Structures are given as C-alpha cells and as structure tokens.
Amino acid sequence: MANADIKLKIPSAVFYIDPVRAFIGTLAKNLGFARKRVADIQLVIDEICSNAVHHGSIDATVGIKLQIRSDAHSLEILVSDTGSRDNKEKHWLTPERLSEIEANRSPSNEGGHGIFIAKSLSDTYEIQINAAGGTDVRVVFKLLKPTDIKP
Amino acid sequence: MDSTKLMKLREESGIKILEIKTDLSSYAASDLRKVLEGLLAEKAEKVVVNLSQVSHINSTAVGALVGVAKRLRQNGGDLKICELADNLTRTFNLIGASSVVEIYESENSALAAF
Numbered sequence: 000m001a002n003a004d005i006k007l008k009i010p011s012a013v014f015y016i017d018p019v020r021a022f023i024g025t026l027a028k029n030l031g032f033a034r035k036r037v038a039d040i041q042l043v044i045d046e047i048c049s050n051a052v053h054h055g056s057i058d059a060t061v062g063i064k065l066q067i068r069s070d071a072h073s074l075e076i077l078v079s080d081t082g083s084r085d086n087k088e089k090h091w092l093t094p095e096r097l098s099e100i101e102a103n104r105s106p107s108n109e110g111g112h113g114i115f116i117a118k119s120l121s122d123t124y125e126i127q128i129n130a131a132g133g134t135d136v137r138v139v140f141k142l143l144k145p146t147d148i149k150p
Numbered sequence: 000m001d002s003t004k005l006m007k008l009r010e011e012s013g014i015k016i017l018e019i020k021t022d023l024s025s026y027a028a029s030d031l032r033k034v035l036e037g038l039l040a041e042k043a044e045k046v047v048v049n050l051s052q053v054s055h056i057n058s059t060a061v062g063a064l065v066g067v068a069k070r071l072r073q074n075g076g077d078l079k080i081c082e083l084a085d086n087l088t089r090t091f092n093l094i095g096a097s098s099v100v101e102i103y104e105s106e107n108s109a110l111a112a113f
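As given, the protein sequences belong to chains A and B, one line each in that order. Heads up: the first sequence at position 52 corresponds to 51 in numbering that gives the first Met the number 0, and the numbers run straight through without jumps. Heads up: the second sequence at position 91 corresponds to 90 in numbering that gives the first Met the number 0, and the numbers run straight through without jumps.
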C-alpha cells in the first residue's frame, strides 16, 4: 500500500460532513483498522468537523479543509477552519477556551462533549492557530495496536 | 434531504415511540432536536427512542436526547432509549450520558419501565 496524502475542501455546512465521514470510514477500513476503531475514527471526524462548522468557518462559503495522510502505521487527519469574519470567533479553540470547555464538561450537559470525544478516541490530538485566522485540529490514529489487528 | 422523514413516530398506551431510521450525525441531529422539541410542544410526557437502525451517533444528538429527557422529567415524564448498537453504547458511556438517560436492550423493556 502506497502512502497517501489526500486533500478535501467542503463547504462549511453540516450537510457535507456525512460524505466525509463515509469516505474516511471506508479509507480506515481499507487501511486495516478494526470495525470498532473505524467507528471511533468516524465519530472523531464528525465531532471535529461539526466544531469547525459551528465555531470556526461560520461563513459557509469559506469552507473547511481536510488533509488526510495514511501509511502502513497510521491515519492522520488535519481539519482546518478559517475563522469567521467576526473577530470574536477567530481562533475559537484557544488553549484557554479548551481548558474552560474541559473544566465545564458534564454528562448532563447538552453540549461541550466533542473535544472530549476527539481527545479520548484518538492516539494524538493537537490544536493550533493557523495562518488563515482559524484553528487547525490534528488527530492521529495508530494502526499497529493489538486491538486494531484484524482477526 | 429532510431526515425527519426517517424518524417515525407512533404511540402505544400513551407512550410516544420515536423510531430513528438514519444515522445521527450533525446534520440529522438538528432534525432530531426539532422532532423532540415537537413532542415537548405537544405536552408528551413519556417517550421511548428506538435506535435499532442507527449505526452512528454524535455528541450533538446525544445532547439533544439528554436535554429533552431532563425537560420531560421536570414535568413528571421521561425519555428512555432502547436497542443501541455496541458503538452507540460506547459513545453514551464515554460521554457519561448513560448515567443521565435510561437505556434498555429492547423496546418492550423500555415501555415496561414506565
């Protein structure tokens, strides 16, 4: 299997998250991730893209970029939003905001679980401010774990 | 596409049963919230949500179910969930929502719990 570097750009609207989730699910399955892990990866992508739509690239025309890299050992996905025209929403996921979200998370809350899910289910989770004025979220899923080896 | 068409509502012994026939990603989650809000507006008290045909649920959809369950309880009712696939159960457990909303293996057991 050759290493892959795939780039996608979708409009910033939840309607387009499902096709991305389906594509990444198929890719993860074909890379050899176990079925449970494929479901985890799809959930993480749903959560990250949803946050990008709702908090990052609020203007649907600016879109969300995904960069997907895979090799024999891992699947790496970078989701980049551009921030909105409203300065208050630029860099929405700052370290301070992240700490606040994590501190306030409660099972009985209706929201605020997406980042927790992404951090819990990925092997690597990183956020950083990008040059476009938005937020980059990078997650990595490692393939060579005993639970990921197909029976 | 309007995913509310894939959310079928019926009633048994005064209990509203909402059967979801679509994955609950962000797109469908907003429609789920609309349907549940509609039940609240109709003054429904007892609601069972059957997720047997759902293979994916995200935190927005879980949050909608948790929120409506809490509001129904304030009025003496409740929302119970049934027939979750393993990965959905894991999502509820991960968030902690399984300690907030009652989950049942079958629709009959959820109905009987009222």
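Treat the hints as calculated values from the structure; they're not laboratory data. One or more of the hints may lead you astray.
[What the hints assert, rightly or not] Under 8 Å between C-beta atoms, here's a sample of chain A residues computed to sit facing chain B:
1. 13
2. 38
3. 42
4. 45
5. 107
6. 119
From a predicted model like this one, the values you see are computed outputs, not experimental measurements. C-beta atoms are modelled at their ideal positions from N, C-alpha and C, and glycine is treated no differently.
Consistency of the hints with the structure:
no. : hint : result
1   : 13   : holds (4 Å)
2   : 38   : holds (4 Å)
3   : 42   : holds (6 Å)
4   : 45   : holds (5 Å)
5   : 107  : holds (5 Å)
6   : 119  : holds (6 Å)
Comparing the model with each numbered hint stated earlier shows that all of them hold.
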